[in-house]
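Using the sequences and the hints, build the whole thing.
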Amino acid sequence: MRLDPPAALQAPTRRPAAAPKFSEWRAFWPLLALALILLVDAFISPGFFTIRLVEGRLYGSLIDILYRGAPTAVVALGMAVVIGARGIDLSVGAVIAIAGAVMTELIHAGMSAPAVLLATLLVSLICGLWNGALVALLDIQPIIATLILMVAGRGVAQMIDAGTIVTFRSDFFSAISTGRLGPAPSRIVVAAAVYALTWAAMRRTALGLFVESVGANAEASRLTGIDAKFVTISTYLISGVAAGIAGVLITSDIRGSDANNAGLWMELDAILAVVLGGASLNGGRVYIFNTLIGVLIIQSLTTSILVSGLPPEYNLIVKAIVVFLCLLLQARPVRQAVSGMIWAKRT
Amino acid sequence: MGEEDMNERYMPLAATIVVFLAIYAFGAAAYNNFLSTLVFGDLLTDNAFVIIAAIGATFVILSGGIDLSVGSMIGFVSVAMAALDAQGWHPLLSALLLVSFGAVFGGAMGALIDACDIQPFILTLAAMFLLRGLCFVITLDSLPINHPFVAAFSDWRIPLPGDGRLSASALLMLAALAAGIVLAHFTRFGANVYAIGGDRNSARLMGAPIRRTMIQVYGLGGFYGALAGVAYAFYTGSGYPLAAVGVELDAIAAVVLGGTLLTGGVGYVAGTLFGGLIQGTIQTLITFDGRLTSWWTKIVIGALLFFFITAQRSIMRSTALMRHPA
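Chains F and D, in that order, give the protein sequences. If you count by this note's numbering, then the first sequence holds residues 565 to 911, one letter each, in order. If you count by this note's numbering, then the second sequence holds residues 10 to 335, one letter each, in order.
Note that these hints are calculated values from the structure, not bench results. The model shown is predicted, which means the values in this text are computed figures rather than measured ones. Each statement offered as a hint is correct.
Label pairs and their calculated CB-CB ranges:
(1) 682(F) / 194(D): 51 to 61 Å
(2) 611(F) / 258(D): 40 to 50 Å
(3) 302(D) / 591(F): 43 to 53 Å
The beta carbon of each residue, even a glycine, is placed where N, CA and C say it ideally should be.
Here it is, written out as C-alpha cells:
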C-alpha cells in the first residue's frame, strides 16, 4: 500500500483557520470562469440578464440556462459523489436511456403515474447497485465496471423499446419536466431539491465524511472501521438514482423514449462539470456548490453561443477552448505561476 | 524472471485468444460458410481502423493513461482527407500530413498532461470536443474522396486460398500491429512505457524519462488514431463529420478484452488484435444470424466485457494465491 501524494497535496482545507486569500477560496476559479462567460454575454446580448414574468412563469436567458442545465445538474451532482469516493460512472447516459424506456413502457402498461415514477427510480437504483457491486465487491476498476453498463445499457433500453421511439402522453410527467411550480419551471425545482438532498447527505450526515475518506484512502478508511465497500456501493446508488431522475426529466420533456439519443454523452458533460468545479478525479473531495457552477459554465457557454449568433458548427470548438482554458487555470503549476506573478506585483 | 512468472504474464493474452477461438468456433458450428477465408478476410478488413486505433490506445493505457480523442481524430482525419482531396491533393500526401498532425497533436496532449498535471481523462475529453468541432467547421455534410488512388486502394487485395482476400486495409492494420509489437517489446521506449504504467514513482527514481515518454506515448496514440482515420477514409472513400463517434470506447474495450489492465503496466499489444477481432466476430455472428437486432451487439459485448474481466481477475487471483499461499 502506498500513500497518494497528489490527492493529499491537492486537497484544500475545508475550513481554513485564518482568513484565506480570495484566490484560495475553492469556488473562486470556477466562479471567475462563469463570471467571465456571463460578462461576454452582457456585451454581445444586451437583454441577457432580463428576467420577465409572463403568464405567471419566469422567462429570460438566465432562466433558460437553469432550465436546460437542470438534467445535467442532477446527473453531475450524483457524479460528484462518485468521483469524491475515487470512482467514476460512465453509465449515467445509458441509465437515462433505460429509465426513459422503462417509464414509457410502464405508462403504456397503464400503471398510475406516481407508481411509474417509483418503479423507474427503483430500476435506476438497481443499475447503480450493479455498478457498485462490480466496483466494490468484484474489485473491478470503476471506469471499466461502468463501461459495461454504458455499452450494454443502451442495448437494453433499445430492447425495451423494441428498437423504436415510443411516445406517450402524461400530464403528471409533463408537469414534472416542463410545467411550473409557482413562477419557477418545475424541473429547476427538481434540480434544486436534488441539490439540497445531496448537500444534506454529504455535509450533514456521516456518509459524506465516509465518502471523502474512502476517496482519499480506501485502505486507511477500512482500517479505521469504515465499511468502504458499503460506502462505495452507496455512491453508485446515488449516481444511479440521479441519472434516473434526469432520465425522467428528459423523457417527459420529449414525451417519448429515444433509447439511441436520450442522455447521449451526458456522462462526459457531468464528469466535465465536476472537474470544472475543481474536483480531482483522484477523489477525496465532494464539491457540491462547485459542481453546480461547473454545470452552469457548460450550459451558459452553450446558451451564449446560441445567443451570439455564431454558427452552431463552432459550438464544440468554443466549448473545447473554454474547457482547455478552465483546465489550465486550475492546473496547479499554472495557478502557482499566476499567483506568483500577482504576489510579486504586490510587494 | 522464473518460468512460473512468465506463465502468469501470458495468462490474460492466452485467455483472450481462447475466447476468440471459442466464439469463432461457435460461429463455424452454427453457420455454414463462417469458417472460410472470405469471412475471416472481411473480419480483418472491416475492423482494421478500430484495431489500428486500439493499438495506439494500448500504449496509452499501458502507460497508465487513457485517450478519449481517438474517435474524433478518426472523424477529423477522414473529413480533412476529403477536404484536401477536393483541393486536388494526392491522398498519400494528405495522409502523410494528417498522420504527422496526429502525432504532433497527441504529443502536445502528452506534454500538457505531464507539465500541467491534468488528468488524461479530462484533457483528452477536451481534445475530443476540439477535434469533433473542427470536423463540423470543415463540413457538415459527407464529402466523397474522388481520387482514383482511393478506389485502387480499396480494390487492391491479395487472394487467399478459398474465396477470401487480404485487403490493403487489413495489410495496413497488420503492419501497424507489427510495428506496435516491436515498439512495445523490443525498444527502450517500450520498456519505459511499461515502467511508467507499472509504477510511475519507481520509474522516475530509476531514471526513466517521464516527460519525454509521456509525449511519445500520446504522440504514438495520436499517430495511430490518425492512421486509423486514413484507413477509415480509404475504406469508406469519404469523409463524414460524424464518423467514428464513440470509437474510442470500442478501442478501449478492444484493449481491455485483449487482456491489458487499465491500471497500466500489464498487457500485450498482440492481445489488442484479438480483443478487436472478438468484437468484430460478435458483430459478424449477429449479421449472420439475421434474426438478432443491432441492440444485441451492445448487450453481448457488454456481457462479454463483464465475463472476461471477472474471469481475468479470478485467474490473476488464483495464480497469485498459488504463488503466495495465504
